[in-house]
Structures are given as structure tokens and as C-alpha cells.
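Here is how the chains run, residue by residue.
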Amino acid sequence: MLSRAADSIYWMSRYIERAENTARFVDVVRHLVLDLPGRATNQWASLVQASGDEQAFQQRYGEATEANVIRFLTLDHDNPNSIYSSLWLARENARSVRDAISSEMWEQINRTYLMVKNAEEIKRIDDDPSGFFRHFKKACHLFAGITDLTMTHGEGWHFGRMGRLVERAEKTSRILDVKYYMLLPRVDYIGSPYDSLQWKALLKSISALEMFHKQYHRVTPVCVAEFLVLNRQFPRAMRYCLIKAEESLHAITGSPPATFGNLAEQRIGRLRAEMDYTDIREILDSGLHEYLDIFQEKLNAFGDAVFQTFFDLATRPDQNN
Amino acid sequence: MDFFRYDVGLFYDELFHQDGSTRPGAEILIQKIQDLPAGDLVRRQQAAEAAMMSLGITFAVYGDTQGSEKIIPFDIIPRIIEPEDWRVIEAGLIQRITALNIFLNDIYHDKRVLRDGVIPEDVITSSTSYRMQCEGIRPPKDVWCHITGTDLVRDKDGRFYVLEDNLRCPSGVSYVLENRQLLKRTFPKVFEASRVRPIDDYPGWLRHTLGWLAPQRIESPTIVLLTPGAYNSAYFEHAFLAQQMGAELVEGRDLVVRDGFVMMRTTRGFTRVDVIYRRIDDDFIDPEVFRPDSMLGIPGLMEVYRAGRVALVNAPGTGVADDKVVYAYVPDMIKYYLDQDPILPNVPTYLCWREDDRRYVLDHLEELVVKAANESGGYGMLIGPGSTRDERDAFAEKINATPRGYIAQPVVALSRAPVIVDDHFEGRHVDLRPYVLYGEDIRVMPGGLTRVALRRGSLVVNSSQGGGSKDTWVIDDESGATPGRSQQQAGG
Chain X
1 MLSRAADSIY WMSRYIERAE NTARFVDVVR HLVLDLPGRA TNQWASLVQA
51 SGDEQAFQQR YGEATEANVI RFLTLDHDNP NSIYSSLWLA RENARSVRDA
101 ISSEMWEQIN RTYLMVKNAE EIKRIDDDPS GFFRHFKKAC HLFAGITDLT
151 MTHGEGWHFG RMGRLVERAE KTSRILDVKY YMLLPRVDYI GSPYDSLQWK
201 ALLKSISALE MFHKQYHRVT PVCVAEFLVL NRQFPRAMRY CLIKAEESLH
251 AITGSPPATF GNLAEQRIGR LRAEMDYTDI REILDSGLHE YLDIFQEKLN
301 AFGDAVFQTF FDLATRPDQN N
Chain E
1 MDFFRYDVGL FYDELFHQDG STRPGAEILI QKIQDLPAGD LVRRQQAAEA
51 AMMSLGITFA VYGDTQGSEK IIPFDIIPRI IEPEDWRVIE AGLIQRITAL
101 NIFLNDIYHD KRVLRDGVIP EDVITSSTSY RMQCEGIRPP KDVWCHITGT
151 DLVRDKDGRF YVLEDNLRCP SGVSYVLENR QLLKRTFPKV FEASRVRPID
201 DYPGWLRHTL GWLAPQRIES PTIVLLTPGA YNSAYFEHAF LAQQMGAELV
251 EGRDLVVRDG FVMMRTTRGF TRVDVIYRRI DDDFIDPEVF RPDSMLGIPG
301 LMEVYRAGRV ALVNAPGTGV ADDKVVYAYV PDMIKYYLDQ DPILPNVPTY
351 LCWREDDRRY VLDHLEELVV KAANESGGYG MLIGPGSTRD ERDAFAEKIN
401 ATPRGYIAQP VVALSRAPVI VDDHFEGRHV DLRPYVLYGE DIRVMPGGLT
451 RVALRRGSLV VNSSQGGGSK DTWVIDDESG ATPGRSQQQA GG
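Read top to bottom, the protein sequences are chains X and E.
When the letters of the first sequence are read in order and numbered with the numbering used here, they come out as residues 1 to 321.
When the letters of the second sequence are read in order and numbered with the numbering used here, they come out as residues 1 to 492.
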């Protein structure tokens with residue numbers, strides 16, 4: 001398929017996934033705050049910090065109140081990582097490949113975009129944030145479902161899936177990190193009843209609570225980290241995302257498993273293999289935050305390699321098949 | 001809502017006779033509308049508009065970066081064309097396109113039509129749309145104007161006249177197809193009972209037409225639709241047609257000339273392209289031959305085209321026939337090339353570069369429509385009746401400065417059709433743009449884009465000037481003729 005089309009489908013999926021995860025981020029903090037009556041003073045500030053856009057936030061909003069942070073992360077047109085911006089970009093990408101995706105997919109993206117745009121006009125987000133986030137997540141799930149059910153599972157679909165999974169792996173690692181950020185200043189929480197409440201809130205906000213309980217009987221930080229980092233079958237776990245993204249990459253190139261024919265395959269294969277041969281003890285001993293940091297860095301490097309290998313028209317070596 | 005108070009006025013009405021009785025093809029529709037419970041029609045109209053919004057059948061509002069979009073206004077009352085009217089339109093268009101194609105072939109080769117004095121030579125040499133770069137080029141199968149969207153208007157006398165030929169990149173066919181889908185949802189029973197001729201296979205015909213042009217006998221040629229990009233106002237249509245045809249939607253930056261062929265950049269390297277349906281004007285398709293500052297085109301494209309290694313649709317150079325001065329000669333072309341009388345007449349046209357005509361135009365500006373010879377989309381126009389002294393003076397000055405650049409026509413009292421205005425019906429002026437495909441044979445899509453001037457009394461139907469659209473129903477005749485009738489291509 002056209003390089004430009006593959007690029008757009010990849011990014012269309014990434015942006016939708018990004019928007020969905022931003023909604024989950026906000027949701028996790030909302031739950032944490034509810035569970036920490038009176039002690040939740042700087043939870044919202046931590047969220048802005050974790051988003052990496054702290055400076056822009058402070059310039060325009062100042063104080064990190066719930067309303068300010070929610071507005072910044074959801075409807076702010078000038079925040080390039082807000083839900084609105086992500087959706088707008090997803091839609092622009094979808095628009096440029098309307099011939100390569102099903103009309104149902106386009107319609108769903110368009111509807112979701114209009115819903116967010118509308119939410120701003122009718123101030124829905126201020127009146128009923130829970131309702132908004134619930135609807136929004138559902139709309140994103142619907143898009144993923146429509147994609148899987150209406151698009152041929154060929155090259156374009158694999159690019160889309162790869163984009164979705166790379167974005168999700170990155171965001172799961174961040175969401176886990178946010179929780180750590182929040183607890184670091186108050187070490188005495190660890191192991192307290194509040195602690196397990198918070199971990200539950202985290203699991204719930206990424207729709208993982210029930211699946212977690214099938215495997216573990218107690219909610220402990222170690223178990224949650226193990227589940228979200230190393231699980232092979234839970235669709236939001238980092239390892240699951242890597243395994244499936246690598247599968248899609250090999251489906252696109254046709255290289256046999258466990259070999260590599262380009263930089264992208266090499267990087268993701270190595271990252272996945274590292275996960276295959278580690279365990280949660282090792283990760284926690286070296287520091288979860290540090291581990292997640294390095295993971296994100298390597299994932300970004302993989303993203304760059306995908307760009308160079310498939311999308312970059314200027315530098316890609318000439319080849320004729 | 002009912003039609004009891006609907007006023008046909010002094011115009012030809014597409015659904016009603018002058019005495020207020022319903023035209024035969026519209027009887028089922030009108031009956032149904034009269035029978036609807038109060039408020040139902042408006043609800044159907046709103047449902048259709050909501051569907052267009054969520055389908056993204058919109059155009060971007062220029063100058064608004066934060067995605068302000070509008071739907072093209074759409075009125076759910078269809079325009080109906082009786083079978084005997086359609087027969088005239090179809091035969092007339094086939095005749096006209098046949099003559100125009102021979103003209104294009106002639107004008108870029110032997111120029112017989114000039115040597116025989118049918119068209120004065122300086123009409124052509126002074127046309128800003130004449131492309132010297134195309135002289136001597138033989139497009140695949142000698143077809144130049146593969147896709148046309150001729151604008152027809154109906155005057156008070158009920159006759160159809162040709163207003164413009166639109167041989168470059170006529171747009172709007174996607175709205176025709178989408179309008180039909182919406183109407184089928186809006187009036188399913190009426191639609192079923194009205195024996196409306198289907199138009200849904202247009203993308204299939206289009207694909208067939210394009211495939212037929214592939215340079216060599218290639219089993220499955222690579223067909224692409226070249227768009228200026230997602231920010232073009234007609235982008236919806238480009239994406240829609242590519243999707244419906246299963247063609248690749250490409251931008252200039254996706255294509256490159258290599259080893260004498262046009263190639264597209266794919267995730268697996270370069271792939272050869274055989275047919276390009278380009279929705280970019282001649283001026284922009286190849287910076288090496290046309291405008292050097294074009295960022296939209298493909299350097300070297302024309303050389304590949306000249307060598308017959310890629311087909312371009314429509315052929316570069318067809319714009320000369322869109323020149324409104326050249327248009328005035330189309331009836332003469334039909335006589336000259338085909339030895340036939342034109343079936344569809346032109347609107348009478350005064351050419352300002354002819355001294356007598358110019359004098360007449362300048363003396364009668366108040367009654368005439370003056371148009372720039374090389375504009376379209378309703379731009380560069382003066383509608384005499386209702387114009388101000390200053391506007392007329394400004395045009396008189398322009399005409400005197402460049403007489404070749406202007407033509408004038410009497411005001412056509414465009415026919416009207418009822419549209420929903422709040423809680424009642426009012427007549428609004430309409431035109432008709434049927435689409436014609438010139439491939440192995442010439443096919444006229446049974447239907448077309450009915451554009452409506454939504455402002456009361458307005459004669460300007462262009463969407464850039466506040467126009468909307470309607471679905472167009474061509475009624476099948478009793479004999480149950482087969483859809484997609486066609487006529488063998490006349491020899492050149």
C-alpha cells in the first residue's frame with residue numbers, strides 16, 4: 001500500500017488510542033481523589049506532571065484544580081495532547097485515507113469527534129464528567145471493534161493495529177508510573193488500606209479489575225505491576241502489546257518469527273525478548289520507575305524505526321519489486 | 001405540509017403544471033407528501049441532514065483552521081424528470097460530447113476547423129485554456145473528455161439549454177450518489193413505486209472507463225485518483241470515488257517518474273501506475289511543463305504521458321472547450337463535424353470581442369448576464385437585472401479593456417422546483433448537471449446533480465454562492481428500458 005496511507009492509518013489508530021488513554025488517566029485520578037478524602041491536595045498536579053506538559057499548563061491555567069486539569073487534558077484545543085487534539089488528528093489522518101478504511105470506521109471517528117466537540121459546546125464535561133468519560137471510552141472501543149470487523153486484516157489493518165498497540169504499551173507504562181508518582185511523597189501509605197484501594201482504582205480505570213482477580217487473589221503492588229507489565233494475554237498489558245505489535249510487523253514484512261530484516265523488527269524483537277527473560281522481582285529491584293522510563297525510551301526508538309523503514313519517502317532506499 | 005398554497009409563479013415548475021396540477025411522474029410523490037402527518041416531513045429533512053453530518057459529507061469552511069465544517073444544503077423533495085425529456089437530454093449530450101471530442105483532437109492536430117473558417121483562429125490562440133504543450137499528443141484511444149458534467153438549464157418554454165460544458169474536472173457526482181442513498185432512506189415506498197432509474201453503478205462504469213484506457217493490455221491496471229489533498233474543498237468526493245472504485249487515492253508527493261514510468265511509493269517500494277484520474281487542473285500537474293511553482297504535481301509526468309505510458313483523465317488541454325467564447329461555437333462544431341443539427345441548443349451568447357455584439361452588450365447590460373470567459377463556479381459574473389449602476393460601470397470598463405474575456409447572455413428564467421422553507425413549500429430555481437462518461441461507448445448517467453438556488457429569487461445555484469442540491473429522479477418509461485443505455489461511439 002501507499003507509504004503515506006500506511007503512515008496515516010498507523011497514526012489514526014495511535015491518536016484514537018491516545019485519546020482513550022488520556023480519558024483513562026483522568027479517570028484514575030478522579031477515583032484516587034475520591035478514595036483519599038482530605039488528602040488529595042496535589043493529585044491533579046501530579047497528573048499534569050506525568051503528562052509532560054506542565055509548563056504549558058502553568059502558563060495558561062496556573063492552579064491545578066480538578067476543573068482546570070480536566071479542561072486542559074480533554075477539551076483544550078491548544079494542548080496538542082488533549083483528547084480533543086488527539087481526536088482531531090485521528091480524524092484528519094482518517095480523512096486522508098478514507099479510501100483505504102471502511103466507511104463505518106470513518107463514520108465512527110467522525111461521530112466521536114463531533115461528540116467531543118459538542119461536549120464543549122453544551123458544557124457537558126463540567127456537569128457530568130463521569131458520563132462523558134464513560135461514553136467516550138465506549139466510542140473508542142466501538143472504533144476498535146468496527147475496525148476489526150469491517151477492515152480486511154491485510155497490510156493496512158496491521159499498520160493500524162501496530163499503531164494502536166505501541167501507543168497502548170506506552171500509555172499503560174505511564175499510567176503505572178502516575179500511581180508511583182503519587183505515592184512517592186508519602187511512603188507511609190504503602191501497605192495501608194488506602195494503598196490497596198488505590199491500586200484497585202487503577203485497575204478499574206483501565207478495565208482490568210476482573211481479569212486481574214482471575215489470576216491474583218490479593219491486590220498488591222507487586223501483583224498489579226506483574227499483571228500490567230508482564231502478562232501475555234491481557235490486552236492492555238505491556239508485554240501483550242509488544243507480542244501482538246511484533247506479530248503485525250512480521251505479517252507486514254513477511255519475515256519469519258524471531259528473525260529481522262529491518263531496524264524496526266530488530267528493535268521490537270529485542271525489547272520483547274528482554275521482557276521474555278525477566279521477572280517482576282528483577283524489575284522492582286532495579287526500580288519500577290526506572291524500568292518504565294527505559295521501556296518508553298526503547299519504544300520510542302522502535303517508533304522512529306517504523307517511520308524510517310516504511311513511511312519516510314525521502315530517505316528510504318530505492319527498491320523495486 | 002401540503003401544496004395547496006404552493007405558487008408555481010411565472011416559471012416552468014419541475015413538479016407542477018402551470019395550472020397547479022401535478023406532472024405525471026411526480027404524482028406518487030406529491031400524494032405521499034400530502035398524506036404525511038404534520039411535522040413528519042420536517043423530521044425527515046432533519047434526519048437526512050443529521051445523516052450527512054455524521055457521514056462527514058461536508059465541505060471545509062475556508063479560513064477556519066479549527067475544523068468548522070458545513071453540510072452542503074440538501075432539500076429532500078426530489079426533482080423529477082419525465083422519460084421523454086430525458087431522451088432528449090441523453091441524445092443531445094451524446095451528440096455534443098462526440099463533437100467536442102472530435103474538436104479537441106482536431107484543434108491539437110490538424111486544426112481543420114480553423115482552416116475551414118468554422119471558428120476564427122484567434123478565438124483559439126487567445127484562449128487562456130489552450131495548451132500549446134498538448135499539440136501533437138495522442139491520448140489513449142483518442143479520447144480527450146472522458147468525464148463531463150454538462151450544466152443544463154430549463155427555460156420558461158420547458159426546453160433544456162446547455163449553459164456550460166465542464167470538460168476539465170467537473171465535481172459533484174459524489175453528492176448525486178449520496179443524495180440518492182439518503183432519499184431511498186427518506187422516501188422508501190415512494191421511491192420503490194416511482195420506477196426511478198438507478199444510478200448506483202456509476203463508480204463501476206467510471207472504473208471500467210478508466211481501465212479501458214490503460215496503455216497496454218494489462219490484466220489489472222493500477223488506477224489512481226490524484227487529489228490536491230485532504231484540505232481541498234472537493235476532497236470528500238475524491239475519497240468517495242476512489243473508495244467506490246477500489247482505486248488508490250494519491251497525492252502528488254506519492255507519485256514519482258522513474259525509468260520512463262509513473263510510479264507510486266508504497267511500503268514495498270515503487271509500483272507502476274497505468275491510469276491517473278486527476279482532480280488537479282492542467283496548470284498544476286507537471287511543474288516541468290506547466291506552472292513551475294506547482295507543489296501538487298509530478299515533475300516529468302507529461303513526458304510519460306506523451307510517450308503513451310500513462311493515461312491522464314481528462315486529457316490535459318480539454319479546458320479550451322470550456323472557454324465561454326469557444327462554447328458559443330459548439331453548435332457550429334456539431335454541424336461541421338457530424339453534419340447534424342444540435343439536439344440541445346446553446347443559450348444565445350454575445351461575444352464581446354465582436355464589435356456589434358459588444359455594442360449591443362454595453363447598451364443592454366441591465367438585461368443581460370455577463371460572464372468572464374474563463375471563470376466558473378459563479379465567479380466573475382454580472383447579473384444585469386437587479387445590478388447597481390456602479391456594478392454595471394465596473395463591468396463595462398472590464399469589457400472594454402479585454403473584450404475577449406467576456407461574453408453575455410440573456411437572463412434565462414430558470415425553471416423552479418419546490419423546496420421546504422420552514423413549514424411550507426416555496427419555488428426555487430434549479431439547474432441540472434448530468435454526468436457523461438466517454439469510454440468504449442458514451443454513457444449518460446440517468447440523473448445528475450440538481451442544484452438549487454436556495455435564496456428566494458436567486459438565479460445562482462453554485463454551492464460557493466449559497467446553493468444546495470436535490471436528488472434527481474429520472475423516471476423509467478413504460479417499456480421498461482434497460483438501465484445504462486448507451487450508443488456506440490461515433491467515428492472521428
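Take the hints with a grain of salt, since some may be wrong.
Here are a few chain X residues that face chain E, going by a calculated C-beta distance under 8 Å [said to hold, decoys possible]:
| hint | residue |
| --- | --- |
| 1 | 1 |
| 2 | 92 |
| 3 | 95 |
| 4 | 96 |
| 5 | 110 |
| 6 | 134 |
| 7 | 308 |
| 8 | 310 |
Bear in mind the hints are in silico, worked out from the structure with no lab data behind them.
Quick reminder that beta carbons are idealized off the backbone N, C-alpha and C, glycines included.
Which numbered hints fail: The structure conflicts with hints 6 and 7, although it agrees with all the remaining ones.
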